[in-house]
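Just so you know, the protein sequences line up as chains Y and A, in that order. Start counting the first sequence at 1; every next residue gets the next number (the numbering used here). Start counting the second sequence at 145; every next residue gets the next number (the numbering used here).
There may be inaccurate statements among the hints.
[Claimed, not checked] The list that follows gives simulated cross-link-like pairs (lysine-lysine, DSS-like), each with its CA atoms no further than 27 Å apart:
no., chain 1, residue 1, chain 2, residue 2
1, A, 360, Y, 114
2, Y, 114, A, 362
3, A, 362, Y, 108
If you are wondering where the hints come from, they were derived from the structure by calculation, not from laboratory data.
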Amino acid sequence: MENPTVLFVDDEVRLLQSLRRGLMDEPYRCLFANSGAEALEILKKNKVHVVVTDMRMPEMNGLELLRKVRELYPDIVRMVLSGYTQITTLLTAINEGHIYKFITKPWKLEEEFKPMVREALKYYDTKNPSKESAPAGASTHSSS
Amino acid sequence: MEQTNTQLCRGSSGGSMRGQESRSLSILIVDDDPTCRTLLKKMLEKSRMRRADDRIICVGTKQGMLEHLAQYPFDVLLLDLHLPDGDGLEMVAQVNRQYPATAIIVITGENDKTADLTAMSYGAQDYLTKGEFNQASLTKSIYFALERKKNQIQTQKALEELARAHKQLQKAQAQMVQSEKMASIGHLAAGVAHEMNTPVGFVASNFETLQTYLTKLKGLLTLYEQLCEVLEKNPYPPVLEKLLEIRHYRQEKKIDFILADIQDLFTESQEGLQRVTSIIQNLRDFSRIDQSTEMCDYDINDGIRSTLVVARNEIKYDMEVVTELGTLPKIHCHPGQINQVFLNILVNAAQAIRSQNRQGPGHIYIRTRDEGDFVVCEIEDDGPGIPSEILSKIFDPFFTTKPAGKGTGLGLSVSYDIVVSKHQGQILVDSEVGKGTKFTIKLPREGPKETTDRISQEQSEHYSV
Numbered sequence: 001m002e003n004p005t006v007l008f009v010d011d012e013v014r015l016l017q018s019l020r021r022g023l024m025d026e027p028y029r030c031l032f033a034n035s036g037a038e039a040l041e042i043l044k045k046n047k048v049h050v051v052v053t054d055m056r057m058p059e060m061n062g063l064e065l066l067r068k069v070r071e072l073y074p075d076i077v078r079m080v081l082s083g084y085t086q087i088t089t090l091l092t093a094i095n096e097g098h099i100y101k102f103i104t105k106p107w108k109l110e111e112e113f114k115p116m117v118r119e120a121l122k123y124y125d126t127k128n129p130s131k132e133s134a135p136a137g138a139s140t141h142s143s144s
Numbered sequence: 145m146e147q148t149n150t151q152l153c154r155g156s157s158g159g160s161m162r163g164q165e166s167r168s169l170s171i172l173i174v175d176d177d178p179t180c181r182t183l184l185k186k187m188l189e190k191s192r193m194r195r196a197d198d199r200i201i202c203v204g205t206k207q208g209m210l211e212h213l214a215q216y217p218f219d220v221l222l223l224d225l226h227l228p229d230g231d232g233l234e235m236v237a238q239v240n241r242q243y244p245a246t247a248i249i250v251i252t253g254e255n256d257k258t259a260d261l262t263a264m265s266y267g268a269q270d271y272l273t274k275g276e277f278n279q280a281s282l283t284k285s286i287y288f289a290l291e292r293k294k295n296q297i298q299t300q301k302a303l304e305e306l307a308r309a310h311k312q313l314q315k316a317q318a319q320m321v322q323s324e325k326m327a328s329i330g331h332l333a334a335g336v337a338h339e340m341n342t343p344v345g346f347v348a349s350n351f352e353t354l355q356t357y358l359t360k361l362k363g364l365l366t367l368y369e370q371l372c373e374v375l376e377k378n379p380y381p382p383v384l385e386k387l388l389e390i391r392h393y394r395q396e397k398k399i400d401f402i403l404a405d406i407q408d409l410f411t412e413s414q415e416g417l418q419r420v421t422s423i424i425q426n427l428r429d430f431s432r433i434d435q436s437t438e439m440c441d442y443d444i445n446d447g448i449r450s451t452l453v454v455a456r457n458e459i460k461y462d463m464e465v466v467t468e469l470g471t472l473p474k475i476h477c478h479p480g481q482i483n484q485v486f487l488n489i490l491v492n493a494a495q496a497i498r499s500q501n502r503q504g505p506g507h508i509y510i511r512t513r514d515e516g517d518f519v520v521c522e523i524e525d526d527g528p529g530i531p532s533e534i535l536s537k538i539f540d541p542f543f544t545t546k547p548a549g550k551g552t553g554l555g556l557s558v559s560y561d562i563v564v565s566k567h568q569g570q571i572l573v574d575s576e577v578g579k580g581t582k583f584t585i586k587l588p589r590e591g592p593k594e595t596t597d598r599i600s601q602e603q604s605e606h607y608s609v
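Bound conformation, chain Y alone (with noise of 0.2 Å):
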């Protein structure tokens, strides 16, 4: 995929800090939305791979941005990042959001996180092949 994208979504701006911070060296372009809302307006000007939302958040909360992330950008990588992990929270995420892996809140940078947005990537490169028929020469990986 060209120029792969990774849009983080969390109501705490210092969360969504952290994040930049500790992501910027990696292979993927990352984008922060402060709100449901807001990563919807970047969904629409942006071509985003992978979401990655908290589940708890003011007006919009997670779950109901998943289910318009898929509705409206099909092909898009659900994740889920939250402090909440009772049963309930977790089969909502996964029956309703469709999602592919749910992180937990606090993370392990290297081994967990990192791995698992890469892994989300990949996952984004096995599920939608025709969009890969990129021009010859064109790299995905080796730019990543």
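Fit chain A to the known structure of chain Y by using the hints.
Just chain A now, kept in the frame of chain Y:
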């Protein structure tokens, strides 16, 4: 004595004083004056309430009285207050204490009028003054003394029942308060724990990033270092000045120490974060809303075995675990929760033993047995034991004896909640300082009943020692 209730039902006038279902009376006459004794006995024998099988005994000493009372339950004691080997009201009190079912009628001389009323407060039911009573008044006195005794016993019984009921209510209330306390703390804890995950999350993440930043900065510093060395070899006055300044700064700010210490700083802080994370985990376990609510039939021996595997790290090599697992029926329970109880108690035992820094290995005994309606698990250690003054607090939330950072004080209160509130079982503790501690967990075989009136369940001897 219940039997006294049924006799002497009819009034003193007209026919027998005894009721139809009457039984014989036993009367003990105690007087040191033989004439008096005989007179009293005769009066009784001629009495209208006399029955052929009545038992009337006469003695002249306190010693004789006590021997008779010890051998046979007397209904009535006619007691002269002046005996050669015993005197006065203490005797009344003693008989009343030792033989509460016997009605006492005190016989006083004409001279000690004050003693008669006082005798009543010492437990006598009536009094007679020598020379001032006849057969009729003696009969009446016996009748009323028996009545009073009967009423007194009934009142006493009612009082005891009330006291017992009151105690039960208090216990039930304490249990309810405890459960409510746990439930509300649980909710609070769960909310707090989840909210804490976000700040802990980004602090931990930033920390990891900071470490990579630092590695990069250290690299740059090394390059500068090398630059300094090159420049020092080719002294050029303005540069040399700057180099001296750098050296000075480096010494003043203890940069070398900082560079050496920085890794420790990271390690220690990360350990702190790890600790915070595990406290959050504990709080979440405490509220248990993360766990499945499924109940199933489970052999708790399997639970013991798997818990021992999990607890291996804590128990390690300095402890001997002896298991005596009986054959058990499967019980209806939440296996995860029950295992958590075992784990909490095992880890506590291990930590208590370790805190003694003893020479030889400590011992933990785990026994299970089938008691019909219940399965019972005992976990006993030969550790330091729990002082009696804190024994009643060990199930309180946040109560801990461990140093700061080592315990959340939630382990046993979680266990209590799981066993008592969630499974309607019992958790008991026996402990002796210097000897060790034994926890006994009793779980109902059929599992908790669906609709629960917790008070009537008579669940647990919470603080029994």
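Results of checking the hints against the structure:
Distance hint between residue 360 (chain A) and residue 114 (chain Y) is fulfilled; the C-alpha atoms sit about 19 Å from each other, no more than 27 Å. Between residue 114 (chain Y) and residue 362 (chain A) the CA atoms are separated by roughly 24 Å; this keeps the pair inside 27 Å, and the hint holds. Among the hinted pairs, residue 362 (chain A) with residue 108 (chain Y) is consistent with the structure: their alpha-carbon atoms are about 23 Å apart, no more than 27 Å.
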